[in-house]
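Chain by chain, the residues run as shown.
Number of protein chains: 2
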Amino acid sequence: MSRPGGFFDVASRVVGRSPVFSRLLVVLAVGGGGVVVYADSRTDPSVTGEQNQAPPKKKVVVLGTGWAGTSFLKNLDSSMYDVHVVSPRNYFAFTPLLPSVTCGTVDARSIVEPVRNIIRKKGGGIKFWEAECFKIDPTNKKIYCRANVGTNLEGNSEFVVDYDYLVVAMGAKANTFNTPGVIEHCHFLKEVEDAQRIRRSVIDCFERASLPNLTDEERKKNLHFVIVGGGPTGVEFAAELHDFVNEDLVKIYPRVQELAKISVIEAGEHILTMFDKRITEFAEGKFQRDGINVKTGYKVVNVSDRSITMVGKGAGEVDVPYGMAVWSTGIGTRPVMLDLMKQIGQGGRRALATDEWLRVRECDGMYALGDCATISQRKVMEDISAIFRVADADNSGTLTVKEIQDVLGDICERYPQVELYLKSKQMKSLVDLLDDSMGKAGGEDMELNIEQFKKALEHVDFQVKNLPATAQVAAQQGAYLARCFNLMQDVEGNPEGPLRIRESGRHRFRPFRYRHLGQFAPLGGEQTAAQLPGDWISIGYGSQWLWYSIYASKQVSWRTRVAVVSNWARRFIFGRDSSCI
Amino acid sequence: MSRPGGFFDVASRVVGRSPVFSRLLVVLAVGGGGVVVYADSRTDPSVTGEQNQAPPKKKVVVLGTGWAGTSFLKNLDSSMYDVHVVSPRNYFAFTPLLPSVTCGTVDARSIVEPVRNIIRKKGGGIKFWEAECFKIDPTNKKIYCRANVGTNLEGNSEFVVDYDYLVVAMGAKANTFNTPGVIEHCHFLKEVEDAQRIRRSVIDCFERASLPNLTDEERKKNLHFVIVGGGPTGVEFAAELHDFVNEDLVKIYPRVQELAKISVIEAGEHILTMFDKRITEFAEGKFQRDGINVKTGYKVVNVSDRSITMVGKGAGEVDVPYGMAVWSTGIGTRPVMLDLMKQIGQGGRRALATDEWLRVRECDGMYALGDCATISQRKVMEDISAIFRVADADNSGTLTVKEIQDVLGDICERYPQVELYLKSKQMKSLVDLLDDSMGKAGGEDMELNIEQFKKALEHVDFQVKNLPATAQVAAQQGAYLARCFNLMQDVEGNPEGPLRIRESGRHRFRPFRYRHLGQFAPLGGEQTAAQLPGDWISIGYGSQWLWYSIYASKQVSWRTRVAVVSNWARRFIFGRDSSCI
Chain F
1 MSRPGGFFDV ASRVVGRSPV FSRLLVVLAV GGGGVVVYAD SRTDPSVTGE
51 QNQAPPKKKV VVLGTGWAGT SFLKNLDSSM YDVHVVSPRN YFAFTPLLPS
101 VTCGTVDARS IVEPVRNIIR KKGGGIKFWE AECFKIDPTN KKIYCRANVG
151 TNLEGNSEFV VDYDYLVVAM GAKANTFNTP GVIEHCHFLK EVEDAQRIRR
201 SVIDCFERAS LPNLTDEERK KNLHFVIVGG GPTGVEFAAE LHDFVNEDLV
251 KIYPRVQELA KISVIEAGEH ILTMFDKRIT EFAEGKFQRD GINVKTGYKV
301 VNVSDRSITM VGKGAGEVDV PYGMAVWSTG IGTRPVMLDL MKQIGQGGRR
351 ALATDEWLRV RECDGMYALG DCATISQRKV MEDISAIFRV ADADNSGTLT
401 VKEIQDVLGD ICERYPQVEL YLKSKQMKSL VDLLDDSMGK AGGEDMELNI
451 EQFKKALEHV DFQVKNLPAT AQVAAQQGAY LARCFNLMQD VEGNPEGPLR
501 IRESGRHRFR PFRYRHLGQF APLGGEQTAA QLPGDWISIG YGSQWLWYSI
551 YASKQVSWRT RVAVVSNWAR RFIFGRDSSC I
Chain V
1 MSRPGGFFDV ASRVVGRSPV FSRLLVVLAV GGGGVVVYAD SRTDPSVTGE
51 QNQAPPKKKV VVLGTGWAGT SFLKNLDSSM YDVHVVSPRN YFAFTPLLPS
101 VTCGTVDARS IVEPVRNIIR KKGGGIKFWE AECFKIDPTN KKIYCRANVG
151 TNLEGNSEFV VDYDYLVVAM GAKANTFNTP GVIEHCHFLK EVEDAQRIRR
201 SVIDCFERAS LPNLTDEERK KNLHFVIVGG GPTGVEFAAE LHDFVNEDLV
251 KIYPRVQELA KISVIEAGEH ILTMFDKRIT EFAEGKFQRD GINVKTGYKV
301 VNVSDRSITM VGKGAGEVDV PYGMAVWSTG IGTRPVMLDL MKQIGQGGRR
351 ALATDEWLRV RECDGMYALG DCATISQRKV MEDISAIFRV ADADNSGTLT
401 VKEIQDVLGD ICERYPQVEL YLKSKQMKSL VDLLDDSMGK AGGEDMELNI
451 EQFKKALEHV DFQVKNLPAT AQVAAQQGAY LARCFNLMQD VEGNPEGPLR
501 IRESGRHRFR PFRYRHLGQF APLGGEQTAA QLPGDWISIG YGSQWLWYSI
551 YASKQVSWRT RVAVVSNWAR RFIFGRDSSC I
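Protein chains in written order, with UniProt numbering: chain F, 1 to 581; chain V, 1 to 581.
Since the hints were made in silico from the structure, they are not lab data.
Misleading hints may appear alongside valid ones.
Copies of the same chain look alike in the list, so a pair counts if it works inside one copy or between any two.
Here are the simulated DSBU-like cross-link-like pairs (lysine-lysine), alpha carbons at most 30 Å apart as the crow flies [what the hints assert, rightly or not]:
1) Lys428 - Lys122
2) Lys277 - Lys455
3) Lys122 - Lys295
4) Lys220 - Lys121
5) Lys261 - Lys554
6) Lys58 - Lys379
7) Lys122 - Lys554
8) Lys425 - Lys173
9) Lys554 - Lys57
10) Lys454 - Lys425
11) Lys379 - Lys454
12) Lys286 - Lys299
13) Lys454 - Lys173
14) Lys455 - Lys58
15) Lys135 - Lys454
16) Lys220 - Lys122
17) Lys402 - Lys121
18) Lys127 - Lys277
19) Lys454 - Lys121
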């Protein structure tokens, strides 16, 4: 969608020069088919007088209220900025509990917190608009939004917001890999509404299979639940569904155990491949004992209203009739992000590339975090000459061990892959690596020329890995970015980051560094597999209680915490609820 | 929808004669476009041997799982019958709490209980099918059902169920009085889904009114909430919404108090006309103090997507712009009931007429209760000659006081209007009435001929009133009917009912008699008006606590009781939730 911005551009350039009017913006929106007048009625006390004017606050616009956006908001010192939030949902959802919502273990409303409550706790001043951003214009620093609420409500639903800083945290959509029939016939498990729909659908399948005039064949088809994708979400949903069926539904639906079947289809060799091999093995064994059918090495190629078609290695096409299917094979890119990436020369990518400070390259004032972005880590080998030059303090053309050690901290901070590489080789310092590369123990007196330095570090960049698309990463990025915004003025004369390699001086901030705090894979029957930092593995009932306590403590508000814990208690006492509400 | 039943009729008549095959029924369903084979696989242990056969249980089919149907099910001795339940909803909903669901005070799932749980507590044996009955054939004692679940689920969704006894408890639908635009633009408040939709819609209105590019005029329009109908439901919703806006939303939406407006439109002179005048006055006063706009004497004639058009007495047409409208003006008849009434010569009625034992006249084995039925009470004046004949034990052509007193109990039981009339005239016994009618104190020696008897009772029938369409009536009818079913065999030789007036002997059962236990009208701000039996009126905070305790105690299961009470506690601590989930 293109918006010729003649009047608009002129107007905004005019008002942009005058701080007095910088809050009044008249926009000619062509796409919406009408004149949109955006008059921000709040007058800054600072701009009422002509003299003693404080500089107007910079305007920060946050797109999205998921893990990244909410974490940013919660940690931001909102008194320093004029903060606006745009999101199609007026709540934050605690997504790791979505699989629990699908089976009625936890209520949908227990895992959502209204954004406006979060804003209120920050003392107000932050503005929230429930709207979808459908276009980002990085050149003119504007975003185009459309409200999607209501049917007969009054007022033009499109509006334009300008920004000084834009924090893009729009998340991702489900990835269908363009498989035909997926969007029409499968459920996803990304949004709260998805979980609610799955819940109703599960009950529908059981009610339908209980009708009097069906053959056993038809009953079995209706009670075949297929999960496509053996990642953490799919596996947790399969486990939760198995428990729901075998602990609760079995009591009220006749012949359930004989007829119902749960299948997990995974294209790879194993399920839960992002976890340690011990967890994968335990999970596959437990699912086999539970009677959950795990089909690895099968790729789904088509979904119709009756059956799922998949292709196995050397097995040809297999057609599986099903009652309900959940598609959970990873994340894809939202159209607005595709459009933005095309504009800024990142076309063809899966996610918006940022630097290590979460800044979108080539876009002034734009930051991206969470599932919609990936950090493209600078390679050591790209900068190797510059690194050598910075390290070579005496310009001797060779590096001594002391020279290397002087800049080692900065290098490890700027290029975390160096540290990861040392760790993977079980080396303690760069000196061990240099020794290893030289083929001898050079000790403190060793000197390297540029070629030897290059050779020593040539494999380091293989350690560069994309961060996983998890809530944990998004939340840490949000908190990191908020800290940067809070310290923006403090670091101006007093930078805290590592040495600049290509230029002089220091970076203002340390680059973002992800701290992995562990990951859970609930496997049903009150057993959970946990992979904790330092590759500690814990599987069983104890981990389940760890899971309960961590998930309770991570809730965004006391209201949701109390709600979630009481939902768990309710399920222990009364079982899961099987009404289709 | 007509179904030529050639093969079907023959088949069912054949199997109907043989008890061994009475559970196997082959149905040629033409409407569904396929052959429906209904093979009920459960074989009664009683029919496996040729000898010593117990008579097969009579088949009771219950239509609906609302107040009437659920109350019937809960009280029925299900071991005596082969019980089947057909309902489009697999849960019972505690409808008096629906207004609380609209504003998030109580969760939707806290007020619903799965029917299958209720069935399980009865020891199983009862079958439940989630389907809509779309045709009742009283001649052949069959009902035609259609499952409405799922989109890609397998199996013909139409099936036919035969019955020995049919308990029709399908409730009613909202009545629009054929006002144009109501179905398209208004919310109703009859089902749980309605309440959930209203909740989302209220939040939508607030989010929409918060968007940047609206005029104040547009914001006000979006925040104008209109309730059409000043009955208990409409008034309670208005009060609940007022509290939601002023206690919770005011904290998170700017300028709410200035812009939001709630209007109640009522065609009559007052709101809450079914209550005592003191309650009506208090409610109107409280609403005025709260700023809720009550427009009485206005009839809505049209609803468009922008505005509601109404006509006031002498005021002409008024056009009111609105953001959300809730239509709550009473109940109408479901299409399947209209069709049934047409078949049995009750066309043109609002609800199915039953006798005082809840039996549908002219339909063998059919009972109707709850909102879909009305009891048509036999008039005294229709039977006056027969009553005289029964009372005149010595056939003298005159009635002595003793003769009257001998049958007085039976007459009052059979014609409750007699008792109501005496009460309304503040008379203690029929003798007072006769004295009054004769114009003198005749005392014990009085004798009446038929004309004098007629004259004495001529105004009695004005006391015949239809029962209100409330949960209380439906629940009492369900319990009453279940008791009749439980005692069906016991009363065969030992009837407990009053003397038959037109025939000899006694009725098997006492006719249904409604006991009014009081009614509440929550008015917001923790104040409730209560009209208790004996015309006791209580208004204020105390009644609110009475309301809390009665509604908690009336919950259908411990799970919902705990859920509702903890929802109330949650709202006291954390307020109502404003996410749009």
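Outcome of the hint check:
Taking CA atoms no more than 30 Å apart as the test, Lys428 paired with Lys122 passes in neither setting, with 44 Å inside one copy and 70 Å between copies. For the identical chains of this complex, Lys277 and Lys455 are neighbours neither inside a copy (33 Å) nor across copies (96 Å), given an alpha-carbon limit of 30 Å. Proximity of Lys122 to Lys295 under the C-alpha cut-off of 30 Å is found in neither arrangement, the shortest distances being 49 Å within a copy and 41 Å between copies. In this assembly of identical chains, the alpha carbons of Lys220 and Lys121 lie at most 30 Å apart only when taken from different copies (27 Å versus 51 Å within one copy).
Taking CA atoms no more than 30 Å apart as the test, Lys261 paired with Lys554 passes in neither setting, with 34 Å inside one copy and 38 Å between copies. Taking the closest pair of Cα atoms, Lys58 and Lys379 never come within 30 Å of each other, the shortest separation being 33 Å inside a single copy and 81 Å across copies. Taking the closest pair of Cα atoms, Lys122 and Lys554 come within 30 Å of each other only inside a single copy of the chain (19 Å); across copies the shortest separation is 42 Å, beyond that limit. Neither within a single protomer nor between protomers do Lys425 and Lys173 lie at most 30 Å apart by alpha-carbon distance, with minima of 37 Å and 73 Å respectively.
In this assembly of identical chains, Lys554 and Lys57 lie within 30 Å of each other by CA distance neither inside one copy nor across copies; the values are 32 Å within and 57 Å between. Only within a single protomer do Lys454 and Lys425 lie at most 30 Å apart by alpha-carbon distance; the minimum there is 17 Å, versus 111 Å between protomers. For the identical chains of this complex, Lys379 and Lys454 are intra-copy neighbours only, at 12 Å inside a copy versus 108 Å across copies, given an alpha-carbon limit of 30 Å. In the homo-oligomer, the alpha carbons of Lys286 and Lys299 lie at most 30 Å apart inside one protomer (23 Å), although the nearest pairing across protomers, at 65 Å, exceeds that limit.
Proximity of Lys454 and Lys173 under a CA criterion of 30 Å is satisfied in neither setting, with 41 Å inside one chain copy and 80 Å between copies. With identical chains, the CA atoms of Lys455 and Lys58 are never at most 30 Å apart, being 47 Å at best within one copy and 91 Å at best between copies. Proximity of Lys135 and Lys454 under a CA criterion of 30 Å is satisfied in neither setting, with 44 Å inside one chain copy and 84 Å between copies. For a Cα distance limit of 30 Å, the shortest separation of Lys220 from Lys122 across copies, 27 Å, qualifies, whereas the shortest one inside one copy, 53 Å, does not.
For a Cα distance limit of 30 Å, the shortest separation of Lys402 from Lys121 qualifies neither inside one copy, at 51 Å, nor across copies, at 80 Å. In this assembly of identical chains, Lys127 and Lys277 lie within 30 Å of each other by CA distance neither inside one copy nor across copies; the values are 47 Å within and 47 Å between. In this homomeric assembly, Lys454 and Lys121 never come within 30 Å of each other (Cα to Cα): the closest approach is 52 Å inside a single copy and 76 Å across copies.
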